[in-house]
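Participant: Sequence:
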Amino acid sequence: MFTVLTRQPCEQAGLKALSRTPAIITLVVLLLSVVVLVAITLIQFHHKEVLLPGLKYGIVLDAGSSRTTIYVYQWPAEKENNTGVVSQTFKCSVKGSGISSYGKNPQDVPKAFEDCMEKVKGQIPAHLHRSTHIYLGATAGMRLLRLQNETAANEVLARIQNYFKSQPFDFRGAQIISGQEEGIYGWITANYLMGNFLEKNLWHMWVHPNGVETTGALDLGGASTQISFAAGEKVGLNTSNIMKVSLYGYVYTLYTHSFQCYGRNEAEKRFLAILVQDSPTKTNIINPCYPRNYVTTLTGGYIFDSLCTADLRPVNYDPDDIITFEGSGDPSLCREKVSFLFDFKACHDQEACSFDGVYQPKVKGAFVAFAGFYYTASAFNLSGSFSLKAFNSSTWDFCSESWSQLPLLLPRFDEVYARSYCFSAHYIYHLLVNGYRFTEETWPQIHFKKEVGNSSIAWSLGYMLSLTNQIPAESPLIHLPMDPPAFMGILAFFTAVALLCLVFLACLYASSRKQRRSQHGFDHTVDSE
1 MFTVLTRQPC EQAGLKALSR TPAIITLVVL LLSVVVLVAI TLIQFHHKEV LLPGLKYGIV
61 LDAGSSRTTI YVYQWPAEKE NNTGVVSQTF KCSVKGSGIS SYGKNPQDVP KAFEDCMEKV
121 KGQIPAHLHR STHIYLGATA GMRLLRLQNE TAANEVLARI QNYFKSQPFD FRGAQIISGQ
181 EEGIYGWITA NYLMGNFLEK NLWHMWVHPN GVETTGALDL GGASTQISFA AGEKVGLNTS
241 NIMKVSLYGY VYTLYTHSFQ CYGRNEAEKR FLAILVQDSP TKTNIINPCY PRNYVTTLTG
301 GYIFDSLCTA DLRPVNYDPD DIITFEGSGD PSLCREKVSF LFDFKACHDQ EACSFDGVYQ
361 PKVKGAFVAF AGFYYTASAF NLSGSFSLKA FNSSTWDFCS ESWSQLPLLL PRFDEVYARS
421 YCFSAHYIYH LLVNGYRFTE ETWPQIHFKK EVGNSSIAWS LGYMLSLTNQ IPAESPLIHL
481 PMDPPAFMGI LAFFTAVALL CLVFLACLYA SSRKQRRSQH GFDHTVDSE
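Note that UniProt numbering numbers the sequence shown so that position 282 is 282, with each residue one more than the last.
Check the hints yourself; a few may be wrong.
Stated by the list, open to error - Straight-line C-alpha distance at most 30 Å; calculated DSS-like pairs for lysine-lysine:
| no. | residue 1 | residue 2 |
| --- | --- | --- |
| 1 | Lys119 | Lys91 |
| 2 | Lys282 | Lys104 |
| 3 | Lys165 | Lys121 |
| 4 | Lys450 | Lys362 |
To be verified - Computed beta-carbon distance windows for the label pairs:
| no. | residue 1 | residue 2 | range |
| --- | --- | --- | --- |
| 5 | Gly301 | Ser339 | 47 to 57 Å |
| 6 | Asp278 | Gly232 | 39 to 49 Å |
| 7 | Ser246 | Thr297 | 44 to 54 Å |
| 8 | Asn162 | Leu298 | 41 to 51 Å |
| 9 | Leu128 | Asp278 | 50 to 60 Å |
| 10 | Pro444 | Ser339 | 42 to 52 Å |
| 11 | Pro209 | Asn284 | 51 to 61 Å |
| 12 | Ser332 | Phe413 | 24 to 34 Å |
| 13 | Ile274 | Leu128 | 22 to 32 Å |
| 14 | Glu114 | Glu326 | 33 to 43 Å |
| 15 | Leu32 | Pro209 | 50 to 60 Å |
| 16 | Pro411 | Asp318 | 33 to 43 Å |
Worth flagging that the hints you see were computed from the coordinates, not collected in a lab. Note that the structure is predicted; figures quoted are calculated from it, not measured. We put the beta carbon where it would ideally sit given N, CA and C, even for glycine.
Please model the entire structure based on the sequences and the hints provided.
Facilitator: Here it is, written out as structure tokens:
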């Protein structure tokens with residue numbers, strides 16, 4: 001007979017509780033480790049900040065026949081389908097006339113740019129000046145000067161290049177762009193600003209809009225006018241007026257033509273030259289397009305020194321001759337005489353022809369008319385889209401007014417512009433209706449605009465967009481909440497802790513099972529006794 005020592009219930013409960021304590025602590029540590037691992041992983045990858053390489057800037061000088069305008073553009077350094085998403089941030093009009101007017105004194109050209117260039121420097125961060133490209137594109141005024149006096153044109157460009165090379169920007173040259181390029185760049189600008197190339201989707205990503213038709217572009221400058229629009233599928237490529245343009249990953253087939261000497265200013269000089277030709281005297285020449293009771297004197301040089309009027313110069317021409325014009329304010333006669341500026345018969349009733357025998361497919365779709373088109377319509381309180389009847393009615397009303405009434409009709413009165421609005425309106429009528437062949441039905445599809453948003457409709461923006469195809473893109477930088485080494489260190493530490501906890505729990509579990517088997521055997525022995 002011997003005594004069996006057995007554990008009391010309280011003692012057994014205490015030992016079990018004591019054995020559970022390490023397991024509970026280990027489980028808590030394991031759960032905390034897992035939570036930390038998940039948390040830092042989510043923070044690291046879901047709260048990362050994508051830092052774009054910043055902004056790039058570009059400067060374009062639109063050196064037109066009557067003035068020079070400087071535009072500052074910016075776009076993300078990371079580009080969309082190889083073309084920058086460009087926006088206009090600043091605009092400055094250079095004082096004085098266009099650079100072509102400096103043909104006789106090219107040394108004075110640089111002074112004209114100084115005021116605007118000082119303002120431009122303040123628009124672009126100083127540390128980006130050296131990487132900012134600056135371009136000068138000269139249009140019809142310089143095209144005419146080059147034809148008339150190539151040496152003078154080259155000297156003007158040389159003076160400009162010397163000036164801009166001394167500026168803190170990356171000067172990429174001054175060039176005379178062709179009329180065709182001017183037309184294409186104007187078309188690109190109009191369609192870009194109207195969202196026909198890109199739009200943001202619900203995820204704020206730039207995508208190509210589905211089913212959007214492009215808009216034609218009508219540009220009326222001082223020395224030339226351009227028409228550009230998407231040509232149909234059936235248009236052949238055997239004409240110099242059909243071009244292919246690649247933008248944002250898409251290729252567009254365009255018709256574009258530039259009419260030299262058909263800009264508003266040069267067209268009016270040709271009109272005045274015709275009036276002089278038809279008049280037996282140089283005094284009191286009646287101009288039906290000038291307002292009633294308006295009298296002005298112009299020099300022979302103002303009218304006939306242009307290449308566009310050279311073949312209309314009278315015998316014994318003297319540039320210092322004083323010619324007097326007297327306005328009669330006759331809209332019907334004005335419209336009739338303005339038609340003499342065009343050769344509409346050269347097309348011989350061909351449907352695919354505008355005037356002067358120039359090939360043109362039939363116009364279709366929406367158009368935007370800017371520059372001189374817009375300013376003339378705006379003087380008549382017309383903008384956006386309106387009917388041909390409304391345009392004619394406004395033209396007749398304005399052209400019938402006397403000179404003394406015009407300051408009351410125009411919000412901003414300037415003699416040179418005010419006296420010419422009537423001519424401009426009749427000129428635009430013939431150009432669009434008898435030239436480009438817009439009808440009463442298609443005229444309302446023309447939208448007369450100056451700008452879209454804060455960006456001017458001008459060829460310069462299209463030029464900048466085209467140039468960004470050639471500017472390398474930069475890769476985006478990804479900024480993480482933690483530095484990669486620190487993140488990997490924390491990740492490794494808590495992973496190791498979690499693994500150790502799992503191993504420890506496995507050992508506890510194995511030990512617990514062994515203990516239970518041993519206890520079960522011991523209790524069975526006691527019971528058998």
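Participant: Can you name, in rising order, the numbers of the hints this structure does not satisfy?
Facilitator: 5, 8, 10, 13
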